[in-house]
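Participant: Protein sequence lines correspond, in order, to chains W, H and E. With this note's numbering, the residue at position 224 of the first sequence is 224, and numbering never jumps. With this note's numbering, the residue at position 240 of the second sequence is 240, and numbering never jumps. With this note's numbering, the residue at position 155 of the third sequence is 155, and numbering never jumps.
Derived by calculation from the structure, the hints in this document are not laboratory data. Since this is a predicted model, take the numbers as computed values, not measurements. One or more of the hints may lead you astray.
[Said to hold, decoys possible] Here are the computed distance ranges between Cβ atoms for each label pair:
id, chain 1, residue 1, chain 2, residue 2, range
1, W, L173, E, P150, 34 to 42 Å
2, E, L146, W, E154, 44 to 52 Å
3, W, G113, E, V30, 53 to 61 Å
4, E, V30, W, K286, 28 to 36 Å
5, E, R61, W, G297, 15 to 23 Å
6, W, E154, E, F137, 43 to 51 Å
7, E, A102, W, K177, 47 to 55 Å
[What the hints assert, rightly or not] For the chain H half of the interface with chain W, some residues (derived, Cβ under 7 Å), not all of them:
id, residue
8, L32
9, L58
10, P132
11, F220
12, P246
13, I275
Ideal placement from N, C-alpha and C gives every residue a C-beta, glycine not left out.
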Amino acid sequence: MRKIVVAVALAVLIIAITIAYSALQIYRGGKETATTTSTGIDLRGVVLQGAGSTFVYPQLSEWARIFQEKYGVQINYQSVGSGAGQSMFFQKVVDFGCSDPPLSRDKWQQYQGSVLQVPWLFGPVVVVYNIPELPRSTVLRLDGVAIAKIYKGEIMYWDDDYIKNLNPDAAHLLPHKEIIAVYRSDSSGTTELFTTFLYKASGGVWPRELVGKSISWPVEAVGRGVGGKGNEGVTQSVMQTPYSVGYVEWSYAIKNNLSIAAIKNAAGNFVLPTRETLEEALKNAKIPTTPLDDFSGILDSVIYAPGEKSYPILGPTHILLWKKYDDPKKAEALKLFLKWVAEEGYNYVIEGYVAPPQAVRELLIKAASEIVSQ
Amino acid sequence: MYSWRKLREKLFTCLIIALSVLAIAPVLHIILTVFANGFAVIAKAGTSFFTDLPPTPLSKEVGGIAPSIAGTLLMTAISLPIAVTLGLFAAILTAEFPSNPLSLAVDAIAKSLASIPTIAVSMIVYTLVVVPMKSFSALAGAVALAVIALPYTYTYFSTALRSVPSVYREAAFAIAMSRWGAVVRVLIPVARKALTTGVLMTVARVMGETAALLFTAGRFRTGVSFSPTAPVDAIPLLIFDYILSPYTVWHQVAWGATALLLLAYLMVFLATKLIVKEVRL
Amino acid sequence: MVGTIVFSKRDKLFFLSLLPLSISLLAVLVVSVTTIALRSLDAFQHFGLALFASSIWNPEREVYGLLAPVIGSLTTSAIALLTALILSIPLAITIAEYLQGALKSVVSSIVELMGGMPTIVYAVWASQYLVPFLKQFAMEPLHSALPFIPLFSCRPVTGFSVFAAGVAIGISIVPYVTTLILEAYQSIPVMYREACYGIGATRYESIKILLSLARPAIIAALVLGFARALGETTIAVTTVGNSMYLSSCLFAPGYTVSALIASQFANAYLYQYAETVLYSSILVVVLIAIALSFYGSTTIVRWRLRVVV
Numbered sequence: 001m002r003k004i005v006v007a008v009a010l011a012v013l014i015i016a017i018t019i020a021y022s023a024l025q026i027y028r029g030g031k032e033t034a035t036t037t038s039t040g041i042d043l044r045g046v047v048l049q050g051a052g053s054t055f056v057y058p059q060l061s062e063w064a065r066i067f068q069e070k071y072g073v074q075i076n077y078q079s080v081g082s083g084a085g086q087s088m089f090f091q092k093v094v095d096f097g098c099s100d101p102p103l104s105r106d107k108w109q110q111y112q113g114s115v116l117q118v119p120w121l122f123g124p125v126v127v128v129y130n131i132p133e134l135p136r137s138t139v140l141r142l143d144g145v146a147i148a149k150i151y152k153g154e155i156m157y158w159d160d161d162y163i164k165n166l167n168p169d170a171a172h173l174l175p176h177k178e179i180i181a182v183y184r185s186d187s188s189g190t191t192e193l194f195t196t197f198l199y200k201a202s203g204g205v206w207p208r209e210l211v212g213k214s215i216s217w218p219v220e221a222v223g224r225g226v227g228g229k230g231n232e233g234v235t236q237s238v239m240q241t242p243y244s245v246g247y248v249e250w251s252y253a254i255k256n257n258l259s260i261a262a263i264k265n266a267a268g269n270f271v272l273p274t275r276e277t278l279e280e281a282l283k284n285a286k287i288p289t290t291p292l293d294d295f296s297g298i299l300d301s302v303i304y305a306p307g308e309k310s311y312p313i314l315g316p317t318h319i320l321l322w323k324k325y326d327d328p329k330k331a332e333a334l335k336l337f338l339k340w341v342a343e344e345g346y347n348y349v350i351e352g353y354v355a356p357p358q359a360v361r362e363l364l365i366k367a368a369s370e371i372v373s374q
Numbered sequence: 001m002y003s004w005r006k007l008r009e010k011l012f013t014c015l016i017i018a019l020s021v022l023a024i025a026p027v028l029h030i031i032l033t034v035f036a037n038g039f040a041v042i043a044k045a046g047t048s049f050f051t052d053l054p055p056t057p058l059s060k061e062v063g064g065i066a067p068s069i070a071g072t073l074l075m076t077a078i079s080l081p082i083a084v085t086l087g088l089f090a091a092i093l094t095a096e097f098p099s100n101p102l103s104l105a106v107d108a109i110a111k112s113l114a115s116i117p118t119i120a121v122s123m124i125v126y127t128l129v130v131v132p133m134k135s136f137s138a139l140a141g142a143v144a145l146a147v148i149a150l151p152y153t154y155t156y157f158s159t160a161l162r163s164v165p166s167v168y169r170e171a172a173f174a175i176a177m178s179r180w181g182a183v184v185r186v187l188i189p190v191a192r193k194a195l196t197t198g199v200l201m202t203v204a205r206v207m208g209e210t211a212a213l214l215f216t217a218g219r220f221r222t223g224v225s226f227s228p229t230a231p232v233d234a235i236p237l238l239i240f241d242y243i244l245s246p247y248t249v250w251h252q253v254a255w256g257a258t259a260l261l262l263l264a265y266l267m268v269f270l271a272t273k274l275i276v277k278e279v280r281l
Numbered sequence: 001m002v003g004t005i006v007f008s009k010r011d012k013l014f015f016l017s018l019l020p021l022s023i024s025l026l027a028v029l030v031v032s033v034t035t036i037a038l039r040s041l042d043a044f045q046h047f048g049l050a051l052f053a054s055s056i057w058n059p060e061r062e063v064y065g066l067l068a069p070v071i072g073s074l075t076t077s078a079i080a081l082l083t084a085l086i087l088s089i090p091l092a093i094t095i096a097e098y099l100q101g102a103l104k105s106v107v108s109s110i111v112e113l114m115g116g117m118p119t120i121v122y123a124v125w126a127s128q129y130l131v132p133f134l135k136q137f138a139m140e141p142l143h144s145a146l147p148f149i150p151l152f153s154c155r156p157v158t159g160f161s162v163f164a165a166g167v168a169i170g171i172s173i174v175p176y177v178t179t180l181i182l183e184a185y186q187s188i189p190v191m192y193r194e195a196c197y198g199i200g201a202t203r204y205e206s207i208k209i210l211l212s213l214a215r216p217a218i219i220a221a222l223v224l225g226f227a228r229a230l231g232e233t234t235i236a237v238t239t240v241g242n243s244m245y246l247s248s249c250l251f252a253p254g255y256t257v258s259a260l261i262a263s264q265f266a267n268a269y270l271y272q273y274a275e276t277v278l279y280s281s282i283l284v285v286v287l288i289a290i291a292l293s294f295y296g297s298t299t300i301v302r303w304r305l306r307v308v309v
C-alpha cells in the first residue's frame, strides 16, 4: 500500500513539473509593438547565440536583459573563453563571438572581408595586495620596474629599498616579510595585458619572451609564486595569503573589497583606476576606422598610453561578426543590437567596465550597416 | 584476565568509529554549508525561484533558475535510460560469462571510461555532435552525460549481480528456467536493492556533473526550452558560471541552486528507498 | 577438476542477445580514444616523445613539456585512492555493522547525498576550507617533524599542492566507493555471518572474514575510484596549485592533466600546437588507466575462479 502511494505521488509530481514548465515557456519581451525594423521583419522570439570571453559576460547579460525586454530578441551567451569563442564562431556553432584579443594578423588575413570586429568594451587590470600592516587609507604605490622585479623574484621582501623609495609616507609600515606573487595559472587575456604593461613600463627588466597569455613565471621557480585559476582564483589566493600581491580584473577587486595599488603611468604619476583615468588612457588609442580592418595592433596603443592621468593597464574586448548571415531574421536582430548598444547601451555600463570613445560607437554603427543577409 | 583478542576487538571498534567520523565530517560540513547558504536564498525568493529567469549581475532580486531546472530534467531524462540500459546489459554479460575474454575486456573498459577527464568528454562530444549539428543542444549534453555515467552504472550493476549467491541461479536452472528467465525473474529481483542504489547514485552523478556540459549544452538562460535539439542550461553549469563571478546576487543564486539540487536528491532517494525493499539473503 | 564448459544452443543465443548493447560500451571507448588519438597525432609527429621529458608550458613560443601534469595526475590519484580506502572501508563497516534503524538510513542517505554534490561547489568548498585546514593540521606538522623525507621536504606556502588535491579528490570519491562496498557487504548471505559467530569469532574477526568475501567489490570500487580520480577536473583545478614545476615534494604546487586542460583549453585555439599537445596528454592518461583497469579486472576474475559465493 505504502509503495503504491509513494510511487503515485512521485509520478504525479513529475507530470506536474513537466506540464508547468511547458506551459510557462517564458521569454519576456516585446512590450513595444514596434519590434519590426525598417525592412518589416518581426523580430520577436529570435534567439542569438554568442560565445567567448568571460570578461564581457556580466555586461552582456545586463545588456541582453534590457534588450530582451525592449525588443523581445533573446541573446544567449556562453563564457567559454576567448579562444574557444573564436573557435566556435568560426565553426558557425554560434552567431557571434566575443574575444578579448583581436584576431591575429594571420587569422584576419585568412577571413579578410567576411569578418567584422569592434572593440566594444574596455576594462582595466588592477594590481591588488594584501599587507595586514597597511591601513586601508594608505594606498601602496608601485611602478613597472618594481612589479617586474617582484614577479621575477628579484625583490623578495616588502620592505625592499626600492619599494620604500616609491612610498616615502608608508615606508616605516612596510614589514620585513616575503612577497608572495600570485599569477594566473590558466591562459588569460588578463595576463597578456599585465605582461605587456610590464614589458613596456619596466625599461628592459621584463623581457619580450615573457609576454603572453600563458607564460612560465620566474617567481614560480623560486618558490614564492602561486598560480590561481581564473580571476576568482587569484582573488581568493590574495585574500587568503597575507603579504601577497596579484593582478585581477577591476570588478573582482571592487566586489571583494581588495586593496588596489596605484601604478606609475608613462607621464610619471601614480594613478588608481577610475572612470576618468581610464577614459584618459583611451583618448589616444589607435582604433581602425572600419570594422573590416585589422585590429591586431590595438593592444600596443592602449597600454602604458601617454597622458597625465591615464591608467596604464587596460585592454579591449571585441565582438566578432560575420558580414553575411544566411538567416535574415538573425542578421536584422544583430544589426538592431549593435545600433542599440551604440545609442543606448553605453548608458548601462556596470562596474568594472569602461565605455569606449566615440570612435567605437561609430564603428558599431558601421558594422551594423555592413551586415547583410543575401 | 584481559585477553589479547578482546583488546584487539575494542581497539578495532575505536579505530573504525574514529575513521568513520573523520570520513563523514567533511561531508557533513559541506552539506551544512550549502544548506545554510542556500535555504536563506530560496526562502527569500519563494516559488519564483522555480519559475523565473536568472538575474543580471546588478539586480536586487534573486530571480530564479527555471531554465536550468528544465534543462537538467531533460538531459537526465535522456541520458539515464541510455546509461542504465547499456550498463545493465554489460553487467549481465559479465555476471553470466565471467571467464569469457570479452567479459574481461568489457569490465576493464567500462571502468577505464571514467578516467577520461570530464572536460575531455565534453570536447569529444563537441567535435562529434555539436559541430555537425551546428548548434549546442540538450542531446549533445545528454550524450556526454551518458558517457560519464556508464562506468558507474556498469560497476554498480555488476557488483550487485555478482553478489547474488550462485545457489539462486542454480535453483532457477534446476527448475528449467531459460537463461533470460533466470536473469529477469531471479537475479534482478534478488539484487534489486543494490541495483536501485546504483541507479540513484548515477542519477546523483549525472545531475551534478559540470565539466561535461561545458561545451555541449549551450547555457540557454533566456527562456525555458524542452526541445532536445536546442541549447539548454543545467543547474551545475549555472552554479559553475555564477560562483566564479564576483557578483553577490549571482553567488546567492548559485548557493540556492545547490541547495535545491541536494533537496531534490533527498526526495528522490527517500521515495525510492520506501518503494524498494531490501532482500535479506 | 572442472572440465571445459560446453555451451548449448540456448546459451549461445543468450550470449548473442547480450552482445550488441555490451559491444556498444566498447564502441563508446573506441570512438573516444580514436578521436583523442587522431587529435593528438600532430603533437606526436612534431614533438615526438620529447613531449614527456620536460615540464614547460609556453604556448607563445610553442614549447611544451608534459612531465609534471602526467606525474601529477598519477600521484594525486594514488593519494586519492589511499584516502578513499582509509575512509570508505571503515565507513561502510560502521554503517553495516554498528548502526541500526533510523540512524543507519540517515547516515547512508548523507553519504549518498554527497555523491550528488556538484563538483564545482565541492571544489569551492575544498579550496576555501579544506586546503587551509590541511595546511595547518597535516602539512605543516609533517614538514616540521619529518623534513628529511623528500616527500615532505618543502615548506607549504599556501597549501595548494598535489597532496591537497589528492585528499580533496579522495574525499569526493568516498560516497561512490562506500556505497559500492556497502551494497556488496550487505549482499553477503547471512549464513556466513552466522557461521563466524557460531565458531566464536569476535566482531573484528568476523568482519575480517566478511570483508574478504567482499573483496572483488572492493577492488572494483578502487579501480573505479582511481579512474574517476584521474578524470576529475574541477576539484583538481582549484586545489592542485596549477604549477608546472616538478618536484618530489608532495606539498609543492603541481599539476594534473585534467587541470591543465581546464586551464589552458579555452585559449588553445589561438596557438598552433597547444590543442594537440593537450589531447596527447589525455591519451597518455587514458591508456594508463586502461592498463590498470585490465589488471584490476583480471584480479577479480582470478578471485572468482577460486572462491565461489
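Participant: Each hint needs a verdict: does it hold in this structure or not?
Facilitator: Results for each hint:
The hinted range of 34 to 42 Å is satisfied by W/L173 and E/P150, whose Cβ atoms lie roughly 39 Å apart. The hinted range of 44 to 52 Å is not satisfied by E/L146 and W/E154, whose Cβ atoms lie roughly 33 Å apart. One distance hint, 53 to 61 Å for the beta-carbon pair W/G113 and E/V30, is violated here, with the actual separation near 42 Å. For the hinted restraint 28 to 36 Å between E/V30 and W/K286, the CB-CB distance of approximately 53 Å leaves it violated.
Roughly 21 Å separates the CB atoms of E/R61 and W/G297, a value that falls within the hinted 15 to 23 Å. Checked against the hint of 43 to 51 Å, the C-beta distance between W/E154 and E/F137 comes to roughly 34 Å, which is inconsistent with it. Between E/A102 and W/K177 the C-beta distance comes to about 53 Å, which sits within the given range of 47 to 55 Å. For H/L32, the suggested interface contact is broken, since its CB lies about 21 Å from the closest CB of chain W, more than 7 Å.
The criterion of a C-beta within 7 Å of any C-beta in chain W is met by H/L58, whose closest approach is roughly 6 Å, and the hint holds. The restraint placing H/P132 at the interface with chain W is violated, with a minimum CB-CB distance near 10 Å, outside the 7 Å limit. The criterion of a C-beta within 7 Å of any C-beta in chain W is met by H/F220, whose closest approach is roughly 5 Å, and the hint holds. The closest approach between the C-beta of H/P246 and any C-beta of chain W is roughly 4 Å, which is under the 7 Å cut-off, so the hint is satisfied.
Here the hint on H/I275 is kept, as its CB sits about 5 Å from the closest CB of chain W, short of 7 Å.
When the structure is compared with the earlier hints, violations turn up for hints 2, 3, 4, 6, 8 and 10 and for no others.
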